[in-house]
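S.K.: Take a look at the letters that make up each chain.
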Amino acid sequence: AQSVTQLDSQVPVFEEAPVELRCNYSSSVSVYLFWYVQYPNQGLQLLLKYLSGSTLVKGINGFEAEFNKSQTSFHLRKPSVHISDTAEYFCAVSPGGSYIPTFGRGTSLIVHP
Amino acid sequence: DAGVTQSPTHLIKTRGQQVTLRCSPKSGHDTVSWYQQALGQGPQFIFQYYEEEERQRGNFPDRFSGHQFPNYSSELNVNALLLGDSALYLCASSTYRGGADTQYFGPGTRLTVL
Chain A
18 AQSVTQLDSQ VPVFEEAPVE LRCNYSSSVS VYLFWYVQYP NQGLQLLLKY
68 LSGSTLVKGI NGFEAEFNKS QTSFHLRKPS VHISDTAEYF CAVSPGGSYI
118 PTFGRGTSLI VHP
Chain B
578 DAGVTQSPTH LIKTRGQQVT LRCSPKSGHD TVSWYQQALG QGPQFIFQYY
628 EEEERQRGNF PDRFSGHQFP NYSSELNVNA LLLGDSALYL CASSTYRGGA
678 DTQYFGPGTR LTVL
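Chains as they are written, first to last, in the numbering used here: chain A, 18 to 130; chain B, 578 to 691.
Since the hints were derived computationally from the structure, they do not count as laboratory data.
The model shown is predicted, which means the values in this text are computed figures rather than measured ones.
For every residue, glycine included, the Cβ atom is placed at its ideal position computed from N, Cα and C.
Wrong hints could be hidden among the right ones.
[What the hints assert, rightly or not] Ranges between beta-carbon positions, derived for each pair: (1) B/N648 to A/R122: 42 to 48 Å; (2) A/L68 to B/T582: 23 to 29 Å; (3) A/S101 to B/D639: 19 to 25 Å; (4) B/Q595 to A/R122: 26 to 32 Å; (5) B/G661 to A/S125: 34 to 40 Å.
[Claimed, not checked] Just a sample of chain B residues kept apart from chain A, beta carbon distances all over 10 Å, derived: (6) V581; (7) E628; (8) D639.
[Said to hold, decoys possible] Looking from chain A toward chain B, a few residues come up when the C-beta cut is under 8 Å (computed): (9) Y42; (10) V46; (11) G121; (12) R122.
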């Protein structure tokens, strides 16, 4: 079985500052990794995913994440955030080829003007 | 392309009642998965339907059941509602061979049990 730990429940940051949202996972098999964003009262939108290949993954809205197998981490970064990035962010993991991701508890990103 | 659609948007029920939630998958998708997202938590997998059969199931009681129709749309039924069933119910569609990386989520149905 796999599990996901999002180390910060809430991350406050000022507009135009860089941000990192941390995610660690545990799994005994190779995995696919995902970051999703959820805006208030909406469903989940896929930001980016790691399936294989390059460990640096670029996604939508200027976000990127780096897969670190030795540290079992998949941290999400953005060099300069906007007010509109305020949302809940979920890290998820699924065994390679599986259809069912396991989600973390989420990190609330709060961008202040 | 309308994407994944769910109905209703909101629903209020009382304990002991039964509820049915509906989901239409994204065009070209043949697989529907249902998730429960309690307040302040990440989504938890309930079950997945493909070819009108339940293919995988998470750790949810038999009160939770589902159905998939020939047009790939799906229903989630919950019987004997408990206060703890209050949550956002998310439907996600994908292609069976594509796996989790092809999954698209709908906006969800907010269920409140009083």
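S.K.: If a hint holds in the structure, say so; if it doesn't, say that too.
M.R.: A quick look at each hint next to the structure:
no., hint, verdict
1, B/N648 to A/R122: 42 to 48 Å, "violated, 35 Å"
2, A/L68 to B/T582: 23 to 29 Å, "holds, 27 Å"
3, A/S101 to B/D639: 19 to 25 Å, "violated, 42 Å"
4, B/Q595 to A/R122: 26 to 32 Å, "holds, 29 Å"
5, B/G661 to A/S125: 34 to 40 Å, "violated, 23 Å"
6, V581, "violated, 7 Å"
7, E628, "holds, 13 Å"
8, D639, "holds, 19 Å"
9, Y42, "violated, 13 Å"
10, V46, "violated, 14 Å"
11, G121, "holds, 5 Å"
12, R122, "holds, 5 Å"
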